[in-house]
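Asks: Just so you know, we're using the working numbering here: the sequence shown kicks off at 1 and counts up by one.
Careful, some of the hints might be misleading.
Claimed, not checked - Only pairs whose alpha carbons sit at most 20 Å apart, straight line, appear in this in silico EDC-like list of lysine to aspartate or glutamate:
#	residue 1	residue 2
1	Lys275	Glu301
2	Lys359	Asp265
3	Lys577	Glu515
4	Lys233	Glu203
5	Lys320	Asp271
6	Lys255	Asp265
7	Lys440	Glu485
8	Lys497	Glu390
9	Lys275	Glu291
10	Lys293	Asp271
11	Lys497	Glu537
12	Lys275	Asp317
13	Lys497	Glu467
14	Lys440	Asp480
15	Lys275	Glu292
16	Lys320	Glu344
17	Lys408	Glu390
18	Lys275	Glu344
19	Lys275	Asp314
20	Lys275	Glu310
Quick caveat, the hints were computed from the structure, so don't treat them as lab data.
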Amino acid sequence: MRLPDLRSIRWKFVLPQLGLFLMILLGLLLFLTGFLRTVHRETLTHRLEAECRLLADNVEALRQSGASDLELDALAHNAGENLDLRMTIIDSDGRVLGDSEAVAAEMENHLTRPEVQQALSQGYGSSVRHSATIGIDTLYVAVPMGNADSPTGFMRLAVPLADVNAAVGRLQTTLLTAMGAAAALSLLLSFFAAGWTTRPLEELTEAANQVADGRLQTTILPTGRDEIGRLIKAFNIMTRRLRMQFESLQTERGKLAAVLSQMTDGVAILDPQGKIALINPAARRMFGIPEEKALGSTMAEAFRHHQLVELWRDCRDGGKPLSTTVDRIPEGLLLQAVATPLGESLRGSILLLFQDLTKLQRLETVRRDFIANISHELRTPLASLQSLTETLQSGATEDPAAFDRFLKMMLSEIDTMHQTLRELLELAKLESGELPLSAKAVEPAALWSSAVQRMVALAERNGLTLENQTPEDLPPVMADSEKIEQAMMNLLHNAIKFTPAGGSITVSARAGERETTFSIRDTGAGISPDALPRIFERFYKTDRSRSSGGTGLGLSIARHIVERHGGRIWAESEEGKGSTFFFTLPIAPAD
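Construct the entire structure; sequences and hints are all you get.
Replies: In structure tokens, the structure reads:
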């Protein structure tokens, strides 16, 4: 048996009418049952109040005559049987003196009962709740005994609401039966009327589905001149115009695709929600976006660069073209990104244009940095050589001792220039990735031991104590021993250079979960807060280091070596209290 499709337009005619009809009947049912229940309860409450006040006067008289609790309990039992209700006599402190359906001595204190509290404050109280003693919904009515301002106790009567609920239930059953019969008749009539009205619409729906599948030649013969007939005529006109526009769009789309596929610049169009609506092959190559995941992805998922997200957001909010430079993307490209609102043609959409500036920027940076840094580093030794040469030309060659001293000074300056050029070449290989690494599992203590042995003589000549506190039981790390020792020696040489005589240098290491942290702590002059973030830059020197010699490349070389190993390097320092340099290496995997 085929189930009816409740989403069809036929049922959309039928169900609202049926629903309205049922809502009216349901409202009438709720009103009548509520009204009947209210009338029954009010009548019962008034009767119980009158009986309660009469019994309260009688019980108060008995209490005044000295009746005991047993007599009061017996009275409660007799009255409950005769009146066919539950009677409870409560003392002023809430203690139950007698009850027709329970043992008074075993009952809990009743002073906090809602009807008792209401009677205490208003002279009369009532409530309906589920009785824990007899297990059914019960109406309770209580009145004070004696003086209303200072009652000597309370009389409470209770009667089950079973009769009231039964009368209300019979009315509900009758009304529900009538409601079901009326609803069935209404459903039958509405269904036939709706079917006759919606049959042309079903034919129109089938034709629309054919158009949606691409069969734009579909047409329907009008069935009349009413609203549905005019709708069918409009549908036929629409399909004819859609066919013409589709053919035109196909031609334009082919032209656009040809242009975009041949462009060397990246192009992407983002919709108002930041999702990619169009992207050309050049942009996909720049950001490594698979073709099957490009369209429909958000720009954050596809480009994975916060600067582009901020550029798109600022352009969308400001409504004007913006540009920014994007670098450090996985492919190592430097891009000029230009965001342009598409205005009325595609309201809310943004056009992103990406121009590859990597080669140009790289050449410009290399040229500028090389000229500036080499000029600075070679200026001092060249000036010294020029001064020494002029001194020799002016007659110093006639003094053998002076001549020998000047030659040694000239040789020292030449060695400085040679060291600078050698470190420049090594740094260039590290930055370009041309310097190969041969990483293997190495003990941290062995790395420090080798570096310390090679630098201890220099430390002693400078009046320093060099101490190795590296534990022997640390797990091995993945490292190229030769390269890491070079980085360690650069860091040790830096510490020795800036630690005055009598100071100390301590090296150590500690293991974490995934990496081991190496440290070099000295008691030297320290580093100023302004200089601390820049000490690992090429050729960067503090004022003190410029006066102490060196090329300014040692820390930069150490940084590149550590980073090539997948580690991190940083420094902590306080002026006048020394510095501590840290770097990490990954722990070797267990065999």
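Asks: A separate judgement is required for each hint: does it hold in the structure or not?
Replies: How the hints compare with the structure:
1. Lys275 - Glu301: holds (9 Å)
2. Lys359 - Asp265: holds (14 Å)
3. Lys577 - Glu515: violated (28 Å)
4. Lys233 - Glu203: holds (13 Å)
5. Lys320 - Asp271: This hinted pair holds, its Cα atoms lying about 16 Å apart.
6. Lys255 - Asp265: Holds - the C-alpha atoms of Asp265 and Lys255 are around 17 Å apart, at most 20 Å.
7. Lys440 - Glu485: Answer holds: Lys440 to Glu485 is near 14 Å, not above 20 Å.
8. Lys497 - Glu390: Distance of about 32 Å is beyond 20 Å: violated.
9. Lys275 - Glu291: With a Cα-Cα distance of about 15 Å, the restraint between Lys275 and Glu291 holds, given a limit of 20 Å.
10. Lys293 - Asp271: holds (16 Å)
11. Lys497 - Glu537: holds (18 Å)
12. Lys275 - Asp317: holds (16 Å)
13. Lys497 - Glu467: Within the cut-off at roughly 16 Å; holds.
14. Lys440 - Asp480: holds (6 Å)
15. Lys275 - Glu292: Measuring from Cα to Cα gives roughly 14 Å; hence the hint holds.
16. Lys320 - Glu344: holds (13 Å)
17. Lys408 - Glu390: holds (15 Å)
18. Lys275 - Glu344: Roughly 18 Å separates the two Cα atoms, so the pair holds.
19. Lys275 - Asp314: Holds, because 16 Å separates the two Cα atoms, which is no more than 20 Å.
20. Lys275 - Glu310: holds (14 Å)
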